[in-house]
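The opening residue of the sequence shown carries number -7 in the working numbering; numbering runs sequentially from there.
None of these hints come from the bench; they were simulated from the model. Honestly, I wouldn't trust all of these hints.
Only pairs whose alpha carbons sit at most 30 Å apart, straight line, appear in this in silico DSS-like list of lysine-lysine [claimed, not checked]:
hint, residue 1, residue 2
1, K72, K21
2, K103, K80
3, K103, K72
These figures come from a predicted structure and were not determined experimentally.
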Amino acid sequence: MSDAWLQLVDQGAAVLLQIAVLAALLFLKNLKTRLETYYTTHTSAQERQMLAQFGREAFAYAETVYRDYDGPAKMNEAIKYLLDTGAKYGMQDLPLTEVRAVIESAWLDDKRKTSSAS
-7 MSDAWLQLVD
3 QGAAVLLQIA
13 VLAALLFLKN
23 LKTRLETYYT
33 THTSAQERQM
43 LAQFGREAFA
53 YAETVYRDYD
63 GPAKMNEAIK
73 YLLDTGAKYG
83 MQDLPLTEVR
93 AVIESAWLDD
103 KRKTSSAS
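Produce the complete structure using the sequences and hints provided.
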């Protein structure tokens, strides 16, 4: 009888250990998903802030250095500046639409400040 009892306890312990390992794996998978989501969201927000800052810098650079150029030429120079600056800070393969949008946004902000100051 004690042999059967010992075998039953051994099997029960093995089942409990398997359940504990399975629960730990599920917990770690859930934790990994949550951390990846947090990291992606946090990184994206930081990149958007940096991109907006670079857009303001690119606009100011193009307006100051290329003041004799026309609008499209200034935009091209601002885009070049922003792409170069972004590459220095690890922002590779930026979509041109986003680059243009942040520069246009900086232009609109400057236009609003200029018209409200007048």
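Hint check results:
Of the supplied pair hints, the one linking K72 and K21 is violated, its CA atoms being roughly 42 Å apart against a limit of 30 Å. Distance check on the hinted pair: K103 and K80 sit about 29 Å apart at the alpha-carbon level, within 30 Å; holds. Proximity of K103 to K72 is assessed by CA-CA distance (about 22 Å); at most 30 Å being required, the pair is judged to hold.
Hint 1 from the list above is the single one not met by this structure.
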